[in-house]
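Novice: One line per chain: the protein sequences are U and A, in this order. Letter by letter, the first sequence follows residues 1 to 527 in my numbering. Letter by letter, the second sequence follows residues 1 to 527 in my numbering.
Heads up, a few of these hints could be off.
[To be verified] The following label-pair restraints were derived from C-beta to C-beta distances:
hint	chain 1	residue 1	chain 2	residue 2	range
1	A	Pro-257	U	Glu-354	34 to 44 Å
2	A	Arg-282	U	Pro-132	40 to 50 Å
3	A	Ala-284	U	Ser-515	37 to 47 Å
4	A	Ala-384	U	Pro-132	50 to 60 Å
[To be verified] Residues from chain A shown here face chain U by an in silico Cβ test under 8 Å; the list is partial:
hint	residue
5	Cys-207
6	Pro-259
7	Gly-454
No wet-lab data here; the hints were simulated from the structure. Computed from a predicted model, the values in this text were never measured in an experiment. Positions of the beta carbon are idealized from the N, C-alpha and C atoms, including for glycine.
Okay, here's what each chain looks like letter by letter:
2 protein chains.
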Amino acid sequence: MRITGEMLIGSRTVRGAHGTIRAVNPATGEEMEPAFGGGSNEDVDAACALAGAAFDPYRSTSSEVRAKFLEAIAQGIMDLGDELIERVMSESGLPCPRIEGERARTCGQLRLFAAIIREGRWLNVTIDPAMPDRKPLPRPDLRSQKIPLGPVAVFGASNFPLAFSVAGGDTAAALAAGCPVVAKSHPSHLGTSELVGRVIQAAVAACALPEGVFSLLVGDGNAVGEALVKHPAIQAVAFTGSRRGGLALVAAAASRPQPIPVFAEMSSTNPVFLLPEALTVRGADIATGLVESATLGVGQFCTKPGIVIGIEGPAFDQFSTSAAAALKSKAAGTMLNEGIHKSYRAGTAALSRETSVHQIADGQPPITTACSAQAMLFTTSAQAFLSTPQLAEEVFGPAALLVSCKDEAQMFAVAEHLSGQLTATLHLADEDLAIARQLLPILERKAGRILVNGFPTGVEVSHAMVHGGPFPSTSDSRATSVGAMAIERFLRPVCYQNFPAGLLPEAMQDGNPQSLWRVVDGKLQQG
Amino acid sequence: MRITGEMLIGSRTVRGAHGTIRAVNPATGEEMEPAFGGGSNEDVDAACALAGAAFDPYRSTSSEVRAKFLEAIAQGIMDLGDELIERVMSESGLPCPRIEGERARTCGQLRLFAAIIREGRWLNVTIDPAMPDRKPLPRPDLRSQKIPLGPVAVFGASNFPLAFSVAGGDTAAALAAGCPVVAKSHPSHLGTSELVGRVIQAAVAACALPEGVFSLLVGDGNAVGEALVKHPAIQAVAFTGSRRGGLALVAAAASRPQPIPVFAEMSSTNPVFLLPEALTVRGADIATGLVESATLGVGQFCTKPGIVIGIEGPAFDQFSTSAAAALKSKAAGTMLNEGIHKSYRAGTAALSRETSVHQIADGQPPITTACSAQAMLFTTSAQAFLSTPQLAEEVFGPAALLVSCKDEAQMFAVAEHLSGQLTATLHLADEDLAIARQLLPILERKAGRILVNGFPTGVEVSHAMVHGGPFPSTSDSRATSVGAMAIERFLRPVCYQNFPAGLLPEAMQDGNPQSLWRVVDGKLQQG
Numbered sequence: 001m002r003i004t005g006e007m008l009i010g011s012r013t014v015r016g017a018h019g020t021i022r023a024v025n026p027a028t029g030e031e032m033e034p035a036f037g038g039g040s041n042e043d044v045d046a047a048c049a050l051a052g053a054a055f056d057p058y059r060s061t062s063s064e065v066r067a068k069f070l071e072a073i074a075q076g077i078m079d080l081g082d083e084l085i086e087r088v089m090s091e092s093g094l095p096c097p098r099i100e101g102e103r104a105r106t107c108g109q110l111r112l113f114a115a116i117i118r119e120g121r122w123l124n125v126t127i128d129p130a131m132p133d134r135k136p137l138p139r140p141d142l143r144s145q146k147i148p149l150g151p152v153a154v155f156g157a158s159n160f161p162l163a164f165s166v167a168g169g170d171t172a173a174a175l176a177a178g179c180p181v182v183a184k185s186h187p188s189h190l191g192t193s194e195l196v197g198r199v200i201q202a203a204v205a206a207c208a209l210p211e212g213v214f215s216l217l218v219g220d221g222n223a224v225g226e227a228l229v230k231h232p233a234i235q236a237v238a239f240t241g242s243r244r245g246g247l248a249l250v251a252a253a254a255s256r257p258q259p260i261p262v263f264a265e266m267s268s269t270n271p272v273f274l275l276p277e278a279l280t281v282r283g284a285d286i287a288t289g290l291v292e293s294a295t296l297g298v299g300q301f302c303t304k305p306g307i308v309i310g311i312e313g314p315a316f317d318q319f320s321t322s323a324a325a326a327l328k329s330k331a332a333g334t335m336l337n338e339g340i341h342k343s344y345r346a347g348t349a350a351l352s353r354e355t356s357v358h359q360i361a362d363g364q365p366p367i368t369t370a371c372s373a374q375a376m377l378f379t380t381s382a383q384a385f386l387s388t389p390q391l392a393e394e395v396f397g398p399a400a401l402l403v404s405c406k407d408e409a410q411m412f413a414v415a416e417h418l419s420g421q422l423t424a425t426l427h428l429a430d431e432d433l434a435i436a437r438q439l440l441p442i443l444e445r446k447a448g449r450i451l452v453n454g455f456p457t458g459v460e461v462s463h464a465m466v467h468g469g470p471f472p473s474t475s476d477s478r479a480t481s482v483g484a485m486a487i488e489r490f491l492r493p494v495c496y497q498n499f500p501a502g503l504l505p506e507a508m509q510d511g512n513p514q515s516l517w518r519v520v521d522g523k524l525q526q527g
Numbered sequence: 001m002r003i004t005g006e007m008l009i010g011s012r013t014v015r016g017a018h019g020t021i022r023a024v025n026p027a028t029g030e031e032m033e034p035a036f037g038g039g040s041n042e043d044v045d046a047a048c049a050l051a052g053a054a055f056d057p058y059r060s061t062s063s064e065v066r067a068k069f070l071e072a073i074a075q076g077i078m079d080l081g082d083e084l085i086e087r088v089m090s091e092s093g094l095p096c097p098r099i100e101g102e103r104a105r106t107c108g109q110l111r112l113f114a115a116i117i118r119e120g121r122w123l124n125v126t127i128d129p130a131m132p133d134r135k136p137l138p139r140p141d142l143r144s145q146k147i148p149l150g151p152v153a154v155f156g157a158s159n160f161p162l163a164f165s166v167a168g169g170d171t172a173a174a175l176a177a178g179c180p181v182v183a184k185s186h187p188s189h190l191g192t193s194e195l196v197g198r199v200i201q202a203a204v205a206a207c208a209l210p211e212g213v214f215s216l217l218v219g220d221g222n223a224v225g226e227a228l229v230k231h232p233a234i235q236a237v238a239f240t241g242s243r244r245g246g247l248a249l250v251a252a253a254a255s256r257p258q259p260i261p262v263f264a265e266m267s268s269t270n271p272v273f274l275l276p277e278a279l280t281v282r283g284a285d286i287a288t289g290l291v292e293s294a295t296l297g298v299g300q301f302c303t304k305p306g307i308v309i310g311i312e313g314p315a316f317d318q319f320s321t322s323a324a325a326a327l328k329s330k331a332a333g334t335m336l337n338e339g340i341h342k343s344y345r346a347g348t349a350a351l352s353r354e355t356s357v358h359q360i361a362d363g364q365p366p367i368t369t370a371c372s373a374q375a376m377l378f379t380t381s382a383q384a385f386l387s388t389p390q391l392a393e394e395v396f397g398p399a400a401l402l403v404s405c406k407d408e409a410q411m412f413a414v415a416e417h418l419s420g421q422l423t424a425t426l427h428l429a430d431e432d433l434a435i436a437r438q439l440l441p442i443l444e445r446k447a448g449r450i451l452v453n454g455f456p457t458g459v460e461v462s463h464a465m466v467h468g469g470p471f472p473s474t475s476d477s478r479a480t481s482v483g484a485m486a487i488e489r490f491l492r493p494v495c496y497q498n499f500p501a502g503l504l505p506e507a508m509q510d511g512n513p514q515s516l517w518r519v520v521d522g523k524l525q526q527g
């Protein structure tokens, strides 16, 4: 498939006339072919108007039709073969096995949502049969189901060119729910985005769906994104990226005449708590695992463990020494783009400047690629951490900060001090359970996922996964952007009162023609 | 129980020193005893700090403990007997049977949420067992459940002094979820609020719960409410009232360093569509029912049908004549307070001034009470309605606007023109099903509840009810403020990865000790 540098607006391809953008190979710093034309407000209007027009017909398709559509997208992505893998590698600097794994995950997400909509619990069908003889007043017949919100704007992430991008988890969940998607290409992965976007465009046609089900826009800077979020047809926004970017979208959505929800996954330091006995009995192993997790993918995961909290003493000293030794051997790696590389250098430089912070190790020096980053390990005291707010900020990249507490009480204080997180991790041995039980209620208030004796990188796409958390890790702690529950972001309930059979949507009809799980008179039942 | 004019801050009673407020009897205009002291920022701080401190211990109580607590509140409200009924009547101008009905509903809501938390589906327990041998990577053990958001600020409604107030649906749902509540008394129902607040305070003590589980603040103007919404301990806000008030709370919550969700139920005109055949065969009956619904409780329901849409012709003319005749016999009624009365007079005066609007009937003239309001019926053309945005605004009170369309296409255009609604209603006969099927997709996008051949006033408290809808009817269309699903507003999911049995919350433990419905490996099962 040829990459042309065009946008995809419904079934058309449109060359943007609003400036020219090129992807840059972060390993070489070279601009890549072809040039992409940036979109105008008119292009945004055209894509959104098509999405609005497609909404009713698309949401009225059967779950089976939409499931097959999602599966067709997955197959189309696999069919791109090495062309896709090579383009992603060039645009992201990520290595081949990582991209192949991410491609498998992306297709797995699409197939998971296909299975979810076929299964039907997402409709949340609830029926309260009429009670005509109830006193003092009869009860009407009340039936409710979830319906989709409307067209969704999707902003891809820099760090997952496939799994959190054009056909990533947000798009898969929105399309599964019955929402058309207008995606904006991440400027770092313009070619990847076009390749995947064309797969979706082809799947829309192959499945005989309305063309407005999917569009893909291109734009440098914020203009296209802001116009997209402010377009009246758009009813929800999904975003993964920086806190600044996420908050700008939240503000734009809130300033609309009709405000809409924004699901922004923004920033997280993913604190790791090392409990005393675990530190004593296997501190060296934890240190190795931690460094592995913090430097994986050049530290460019939302769930990278950035802050590590222990209680001062010989075991923590030994842990720090082990971690420093492990980190020293880590090769420098190419970051995703120049902006991220610059932010990483600024973030680590700011840490270095803090008098209360000491750098205890750095990894192998940068290599000759343009965006090469060196791993770094810092330490500070809990006292300094508690009194210096900027130490609790995310540094995106292969760096971590060890925080040494005087005692358990100070460890609890550090936990309370943390802002909202995607994850929190406990390393514990049996003897640590009492402390863990005191920490757990604090961490439940702070994080969307809590791990024991593991590391937070590696987010399973499954039914129980929560990839979300209190602000500022996301803009809505009630939602997850990974896993089956991600579909709920794009749904709202509607109640149908005293509907005649001939007008009632099938999922709620007597006799349960779709054999759904339904709540009838407060009791869950199937078939 | 004596009404003292004090606030309830945890287990204490506190006389506010920040100005003096009195409830006013809307029937007489007389200020009522006693005087209430307004709260200060320190009082807000004290209540919120107690709520924050109570959160972890309260949410760790069993569902059974919280269910008994809700039932104790319901019993306490009944035990207040006539003292409560009389105070509500004096403060609201509402008649005794209505108050008794509302009391029954309030207690029913508390008992419904007790049943819901005992049943346990609200926890949404989901388990993905570990797959240690999976290739290329093992799957960890992942288990998730919902936990409460944190302390909730509750703002009572003017029009439901019991059911949407201190111990109303928002409080019941929040307490059921495990969230402490800090309520603010509605200035119109200060005595009612204190009576009910003392019942909750006593139930907290009787159930040996932390005192911060409930506080009740008093304040004139916006200062106490704004301080409450901005307090860092508060994690969600529930509000029922005007659009102006709701949007102010949404803005305050969004401007916090940590933004929080606001569930504001604001305004709705509850359009009623009269389809041709139904209008022909039973227009007169519909007219009588409509006037009954629009004037019920002096038109002071969120779900009052305020806009009635039909297609011009003899049947619609006859309907208008019948509705006008029915309305003329309607007695004037005392509105809830002077502010609402004033807004009603301003709203109807503004309609009267529109050259495209004609008043076709008024009810019996105002009686001698201070806040007496006369019912009014207006007509306009669809063309005027579509070109005059203010005609689509809610007029809170016993008024309705009939909108005559040239044809079906114009009726669809009026439907598309509507903003978000709590309800939409279709009156139809069998022959109207084809039109209804064209209207339904539009109305699903516009409203949270769609009724056939009924009237929207009267909101059942049940499992399938949705009392919510797209903006501006509420600030979050994904939520309902009435019915079982209302608890979901105050919950968020947390995932537990590779937890040892000794640390895992009971609901997710192996063997399902609480016999909950759980999703295991994507399949729903019980026990």
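Novice: Hint numbers the structure violates, sorted upward?
Specialist: Violated: hints 1, 2, 4, 5.
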